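This is what each chain is made of:
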Amino acid sequence: MSRIQITFQRLQAEGRKALIPFITAGDPDDELTLPLMRSLIKAGADIIELGVPFSDPMADGPVIQRASERALAKGMSLARVLGIVRAFRAEDTATPVVLMGYANPIEAMGFGAFAEAARQAGVDGVLVVDYPPEECAEFTASVRAAGIDQIFLLAPTSSEQRFREVAQAGSGYLYYVSLKGVTGAASLDFDEIASRIPRIRAVAGMPVGVGFGIRDAETAKRIGMLADAVVIGSRIVQEIEASPRERVCANVETFVRGIRVALDELAGAYS
Amino acid sequence: MADGQHSFPDAQGHFGPYGGIFVAETLMPALEELRAAFEACREDQTFIAELEHELRHYVGRPSPIYHARRLSEKLGGAQILLKREDLNHTGAHKVNNCIGQALLAKRMGKPRVIAETGAGQHGVATATVAARYGFECVVYMGSEDVKRQAANVYRMKLLGASVVPVESGSKTLKDALNEAMRDWVTNVSGTFYIIGTVAGPHPYPMMVREFQTVIGRECLTQMVEGFGRQPDMVIACVGGGSNSIGIFHPYIPFDDVRLLGVEAAGEGIETGRHSAPLTSNARAGVLHGNRTYVMQDENGQVIETHSISAGLDYPAVGPEHAWLKDSGRAEYLAVTDTEALDAFHALCRLEGIIPALESAHALAQAMKLAPGLARDKLLLVCLSGRGDKDMHTVAERSGIQF
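Chain order of the listed sequences is H and B.
Mapping to this note's numbering: the first sequence position 80 is 80, numbers consecutive.
Mapping to this note's numbering: the second sequence position 229 is 229, numbers consecutive.
Simulated from the structure, these hints should not be mistaken for lab results.
Here the structure is a predicted model, which is why all the values come from computation and not from measurement.
Ideal Cβ positions, reconstructed from N, Cα and C, are used throughout, including at glycine.
Worth double-checking, as some hints may not be accurate.
Counterexamples of contact, computed for chain B against chain H with all Cβ distances above 12 Å [to be verified]:
| # | residue |
| --- | --- |
| 1 | PHE22 |
| 2 | GLU25 |
| 3 | GLY60 |
| 4 | ARG69 |
| 5 | ARG107 |
| 6 | THR221 |
| 7 | PRO250 |
| 8 | VAL294 |
| 9 | VAL302 |
| 10 | THR336 |
Cut-off 35 Å, straight-line C-alpha distance, at most; resulting in silico cross-link-like pairs (DSBU-like, lysine-lysine) [what the hints assert, rightly or not]:
| # | chain 1 | residue 1 | chain 2 | residue 2 |
| --- | --- | --- | --- | --- |
| 11 | B | LYS147 | B | LYS377 |
| 12 | B | LYS157 | B | LYS171 |
| 13 | H | LYS74 | B | LYS106 |
| 14 | B | LYS368 | B | LYS74 |
| 15 | H | LYS74 | B | LYS368 |
| 16 | B | LYS74 | B | LYS157 |
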C-alpha cells in the first residue's frame, strides 16, 4: 500500500480530513524548503505538495507565479527539487510528498529518468498541470511502474463522463479545482462545490481533495465538510512572501496550525 | 511526400509527435466546444460566404502578387515575387485569422474576445475586428513590449480595446500568452480567445492555419494567371508560423515547389541570442498547450529569445512546422538582424515598399538565393506585413532619434 493510501486510511479511521499544504520548492531559497516542510508537518500537514517551479506557469495566479520566479532566480530545478525530497525522506518516512508542476521540466529530464529518480528520492505522487490523461499515457506508465501515484485535476467545467475518464487514469487522490480560474483566485461557490463533490466521489474510487481559492480556517472547514482533503497553496505562499526570512517558518506554521485546528473541530463535530 | 500529411492534424490535434492539447483540466471542455463549433462552420456555406465577403470588402482581398523587377534585376538571378499581405487592412496577414475567429465567436454567442500580442500587430487586428463586430476586447501585452510599441498600444485603445500590461516572467509575448490563457480559464464561458498564430492547444494550430491558407490558395491561382506556372520556391518568415503555414499549406502536395521557412537568427545562431528553435535544433518540449520545438535550458525552463523583429521573438514554433521540418517537406533556415535590415532597406529603395521586419527576414533569404539561380526561376516571398510599425526600431539602429 502506498504512503498516500496509508495516510488516507488512517485519517478515515480517525474521522479526520487530510490537510495538504502547498509550497514552491526553492521559495524563498532552497535552504529554507526543508525547514518549511518540517514546519508544515509540525503544524499538522498530512501530505505535502511541493511545487516544481517553471518559467511559464500558465495555470497559476500571481502569488505562485512570483514564488516560481523567486525560486528559479536562485537556481531551483527539478533535479534539485528531487534532492530536497531525498533529504526530507531521510528524516520522515511517513508523510507523503506530491510534486506539482508542469510538463516541460519532466520532458527535459525524460520520463524514465524522472520516474526512477523520483522513486529513489521518495516521491509518492506527481501532479502535472498541463498533462490531461489523453496526452500522457507514456508518462503515466513510467510513473506507475515506479510505484508513484499520478494525481489528476477535475474542474467545475468537467462533465460526469469526464469524472469517470479522469478517475480511471489517476491514482492516490483526485484534485477538484474549486473554481474557474488560476491558483489563488477569489470567491468560491460552495453550492457548486457541494453539488459536484458527491458526484465525483461516487465514481472516483479514491479520496477527493479540493483546492484553488481556499484562504482561511473558515473556507477550509466548509470544504472539509464536503471533501476528503483540503489543499491550500497561494495563501501559504503569500505568508512566505510577506514574512522576513527569519520568521518564514514560524509564520507558516502558525497559519497552517490554524487551518488544522479548524479541520479537526469538524472531526469533533462528527464524532 | 506522404499524402497523409495534407490531412494532419489527427482528431486529437497531433502532427506526428507534435501538437496536441496540453492544458489544465478547466479548459478541456472549452477547447472541445471550440473544435466542434469550428468543424461545423468550416462546412457551413453561410459561414464561408460571410467570411469571403468580409475578406473581400473589409480586408481588401485578394492581395496581389507583385513582381519585384528592379530588385530581381539588381540581384541578377532568379525573379522575386511578393505576395502582398502588407496591403491588407491593418497592414498584415494577421487580420485574415482574426476575421475568421471573430465570425466564429459571433456564431458561438461569446460577447468578449481576448488576445495576446507581441509587437502589437495581432492585438491591433483583434481590436479592429472587435470594433467591427461589437465585442468587448482585452489585449494582453508584455510590459516590455508596451514600452517598445507605444503607437500600437494607442491604436488598440483608439479601437476600443483595453490593453493589459503583463509584468510576469520576461514581460514579452510568451508571458502575454500565459496571461491570456489565465483570463480564458477564469472567464471561459463568455470569452473567446483569439490566438494569433498556429500555436496553442488543438484546435488552434489547425484553425488558424485554415483561416490563413487563403494566402496560399490565392497564390495557386495568381501564379498560373500571372506567371504561367507555380513558383520554384515559396519563402516565408517563421515566428509562431502563421503566415508561413498559410502560404505553405496549399503547396504541400506540389512536390516540385520547395518550401523555405525563415527564422530569426538575431545576433547569430552561434551567439545563442536568437529566436530560431527549428534551425538551432532546440529540444522538443511542451509550451503553451502543445508539444513542439522549444528553446529551453538543460532543466526544461524556457529561455529568453532575441530578434530585432518583435513578431519573430518567440521561443517555440507552431507544431505543424515542427512536423514539416522532421518530415523534410519544408526546410528551415535563419537570417540575422543585420541581414534582415539590409533586405528592409533594399526593398524600400528599389521597389518603394517598406516591409515589416518580420517579412524582411523572408526577403533576405530570397536575396541570398536569387543571385545563384537562373533568371527564369521564380521565388515567391510572403510579404506578411508592412513596416510602418518598425520605424522606431530601424531609425534607432541607424542612430536616428525622432
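Which numbered hints does this structure break? 1, 2, 8, 9, 11, 13, 15, 16
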